[in-house]
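So the protein lines, in turn, are chains H and L.
Numbers 221 to 323, taken from our numbering, label the letters of the first sequence in order.
Numbers 80 to 761, taken from our numbering, label the letters of the second sequence in order.
What the hints contain is simulated information worked out from the structure, not anything from laboratory work.
Some clues are possibly wrong.
Partial list, computed: chain L residues near chain H (C-beta under 8 angstroms) [to be verified]:
no.	residue
1	125
2	449
3	735
4	736
5	738
6	745
7	748
8	749
9	753
In this text, a Cβ means the ideal position worked out from N, Cα and C, and glycines have one as well.
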Amino acid sequence: MSSPITTEHYLVLSAMLLLIGTVGVLLRRNVVVIMMSIELILNAVNLNLVAFSHHLQQVNGQIFAIFIIVVAVAEAAVGLGILIALFRNKETVLVDEIDLLKW
Amino acid sequence: MNFLDLIWLIPILPLCGAAIMLLFGRNLSKTVVSIICPGAVLGSFILSLGAVIQLAGLKERTHQVVLFEWLPQLHVDFGYLLDPLSSVMILVVTGIGFLIHVYATGYMAHEHGPRHGGYYRFFGYLNLFVFFMLTLVLANNYPLLFVGWEGVGLCSYLLIGFYFHKKSAGDAGKKAFIVNRIGDAGFILGMFFLFQVTGSLRFTEVTDALRSARFGPEVTHFGILSLTALLLFIGATGKSAQLPLYVWLPDAMEGPTPVSALIHAATMVTAGVYMCARSNALFALTPETSHIVAAVGACTAIFAASIGLVQNDIKRVLAYSTVSQLGYMFLAVGVGAYWVGVFHLYTHAFFKALLFLGAGSVIHAMSGEQDMRNMGGLRNKIPITFGTMFIASLAIAGIPGLSGFFSKDEILWQTWSAPELGSKVLWVVGFLTALMTAFYMWRLMFLTFFGEPRMDEKTKHHIHESPKAMTIPLMVLAGGSVVAGWIGMPKVFGENGFMQGLEHWLAPVFESGKEVAHAAAEHGAAAHHDTTMEWVLMGVSIGAALSGIFLARHIYLRMKAEDRPTGGFIYPVLLNKWYVDELYDFLFVNGLSKGGGTLMAKFDTNVIDGGVNGTAWLTRMVSRISMWYDTWIVDGLVNLTAFTVRALSFPVRFLQTGFLQSYALVFMAGVLGIFGYFWWGR
Chain H
221 MSSPITTEHY LVLSAMLLLI GTVGVLLRRN VVVIMMSIEL ILNAVNLNLV AFSHHLQQVN
281 GQIFAIFIIV VAVAEAAVGL GILIALFRNK ETVLVDEIDL LKW
Chain L
80 MNFLDLIWLI PILPLCGAAI MLLFGRNLSK TVVSIICPGA VLGSFILSLG AVIQLAGLKE
140 RTHQVVLFEW LPQLHVDFGY LLDPLSSVMI LVVTGIGFLI HVYATGYMAH EHGPRHGGYY
200 RFFGYLNLFV FFMLTLVLAN NYPLLFVGWE GVGLCSYLLI GFYFHKKSAG DAGKKAFIVN
260 RIGDAGFILG MFFLFQVTGS LRFTEVTDAL RSARFGPEVT HFGILSLTAL LLFIGATGKS
320 AQLPLYVWLP DAMEGPTPVS ALIHAATMVT AGVYMCARSN ALFALTPETS HIVAAVGACT
380 AIFAASIGLV QNDIKRVLAY STVSQLGYMF LAVGVGAYWV GVFHLYTHAF FKALLFLGAG
440 SVIHAMSGEQ DMRNMGGLRN KIPITFGTMF IASLAIAGIP GLSGFFSKDE ILWQTWSAPE
500 LGSKVLWVVG FLTALMTAFY MWRLMFLTFF GEPRMDEKTK HHIHESPKAM TIPLMVLAGG
560 SVVAGWIGMP KVFGENGFMQ GLEHWLAPVF ESGKEVAHAA AEHGAAAHHD TTMEWVLMGV
620 SIGAALSGIF LARHIYLRMK AEDRPTGGFI YPVLLNKWYV DELYDFLFVN GLSKGGGTLM
680 AKFDTNVIDG GVNGTAWLTR MVSRISMWYD TWIVDGLVNL TAFTVRALSF PVRFLQTGFL
740 QSYALVFMAG VLGIFGYFWW GR
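Go ahead and model the full structure; you've got the sequences and the hints to work with.
Right, dumping it as structure tokens:
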């Protein structure tokens with residue numbers, strides 16, 4: 221038997237992505253991986269929005285998702301630019317070694 | 080054309096020339112300069128000649144032109160006075176001045192520099208000098224005379240130091256200026272006294288006052304008038320280079336030769352004689368001072384002549400000769416023979432200017448060499464210079480028929496016949512001076528023009544007669560040196576209006592008032608009848624002239640250089656000018672400069688440096704206070720703020736771990752907390 225994919229499936233997938241992203245942000249040392257984890261979190265949100273948009277038969281959520289994709293691109297560009305500048309100065313991309321703003 | 084009212088133009092023309100030269104001379108070519116400057120003086124000469132001829136036609140031979148009121152407090156105008164005395168002076172100044180200007184166009188032709196800078200500057204100064212000299216002799220009062228007096232001193236300073244890049248020239252200029260200051264102080268004081276006594280400074284009023292009955296012997300003998308005359312005479316000793324202030328004149332030979340001829344022989348140095356002659360009423364009243372004048376004049380004459388005997392620089396011989404001849408003039412003034420002093424001034428201007436210009440021509444031919452030991456045998460090489468100087472040397476030696484003979488002989492005769500006690504002694508001094516004069520002048524002639532040439536080959540090859548611009552003035556002056564004396568012949572030669580022309584011409588200026596009790600007049604008149612004595616004295620002085628010449632010929636032409644008498648110890652003394660310069664250095668110059676130097680050094684260390692150091696110390700103190708304030712108050716407040724913030728932040732700041740993921744964790748915890756609040760809290 222084949223059961224149709226319902227909205228719940230999407231939400232569960234979204235929650236799993238969110239969890240993986242959060243754990244990645246909190247535990248990984250490499251900034252590049254952290255940024256990838258952030259992308260996971262954002263895409264979890266996107267998935268949520270698109271799922272509810274389908275569920276409610278309204279287009280608003282999809283428009284929001286596109287906005288988030290654009291913002292994520294911009295964020296990635298700016299974030300990677302900062303990262304490159306940081307690497308040039310510190311020669312590292314590991315967050316536990318970047319602790320200048322310490323008390 | 081009324082020249083008499085135009086006499087103010089006589090000084091103005093050279094002033095215009097000087098102004099053009101000194102303002103625009105840079106842009107004028109040498110030709111234009113050579114036309115304007117001598118032209119201005121020639122214009123003055125023509126105006127002077129016209130004015131003098133018209134003056135001769137006047138009944139009362141004085142004419143005053145007042146330009147404007149100058150010093151009302153002293154009753155002094157800016158006015159010019161033409162009378163027989165000043166007419167002689169302006170003719171000498173403009174006539175001989177013109178010839179010397181013409182000569183200078185040739186002599187200074189090689190003057191180079193940035194755009195012939197020396198040339199126009201030289202002529203500008205020369206014209207300025209003529210202006211001041213004419214102001215001096217034409218002034219109708221003492222202060223205006225003093226303006227000219229100082230002006231010629233300034234020009235003398237500028238022209239002596241004309242080659243200012245030479246230290247010796249600059250020093251000579253300063254020496255002339257400073258030595259003259261001493262005399263000028265006397266002159267100024269004399270003027271003050273004169274104003275005090277007579278209440279005026281105009282020549283005519285002073286003379287009238289002095290000749291009036293107000294001044295009897297009881298006022299004049301060793302009184303304030305004697306002091307006044309003495310102070311004026313001190314002024315004259317400075318300007319006219321008499322003992323003890325003569326030292327500047329020999330050094331003044333550093334200037335170009337036309338300057339020596341014009342300023343330091345013919346005109347400026349005679350200003351003192353002119354001034355004393357102008358003040359004749361005063362000197363006639365003060366026999367004591369007149370004795371001093373005569374004694375100083377005689378001493379200067381023989382003293383300078385003795386130095387002139389041994390000098391080797393051709394211009395220095397002439398310089399000492401000038402000092403000596405000026406001494407003669409003061410001797411004449413001192414014995415009361417004022418017109419004779421002016422007469423000698425006038426003949427001396429011709430032959431001494433000629434001698435200087437001739438010497439300049441010799442120096443020109445010798446490529447700048449001035450030492451007579453390196454000359455010799457120039458007679459045939461530069462015949463015009465030789466011929467003219469020959470005449471001048473005969474004239475100054477006192478050979479009969481030439482101008483110097485008449486004036487010098489008249490001085491000696493007047494000295495002999497003066498009633499005063501020491502007049503015979505003064506005559507002996509004058510006679511010895513005449514002997515020496517003939518000797519040193521002919522020593523100069525024999526060393527320069529006769530004998531074997533002693534210059535090196537290069538100079539010898541270069542010897543040439545000077546250009547026409549130089550030789551023509553020489554010839555004119557030579558003619559003057561011959562005939563100038565003919566208007567002042569002694570009465571024993573016969574009496575007529577021409578042969579005693581100068582005496583008659585000057586008589587109105589020098590006539591002693593009837594009230595003046597001065598014996599010289601009648602005694603002199605009585606002595607004039609003693610014609611035998613006059614002939615004898617004349618013969619004696621001719622003998623002196625001839626024996627001087629032949630002695631010089633014997634020593635400097637016949638004898639070999641090594642056979643010449645050395646003169647024993649006296650030679651170095653004379654060669655070193657009696658060590659007067661050294662004495663003055665020792666007495667005054669060193670003391671003043673050293674004492675002044677020490678004083679200045681003390682002043683500098685203690686007051687100037689003290690002031691500077693005090694300021695520095697004060698600044699340091701102020702800055703120390705300022706630093707303390709900055710450190711403790713300003714910095715203190717800033718640090719206190721920082722410290723307070725730091726202290727207050729003590730527990731909280733440890734939250735700032737600087738570790739990104741701890742912030743993310745807190746963030747996450749915050750999100751979960753808010754989520755939990757809404758999940759369970761409601």
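Of all the hints numbered above, which does this structure not satisfy? Sort the numbers upward. 1, 2, 6, 7, 8, 9
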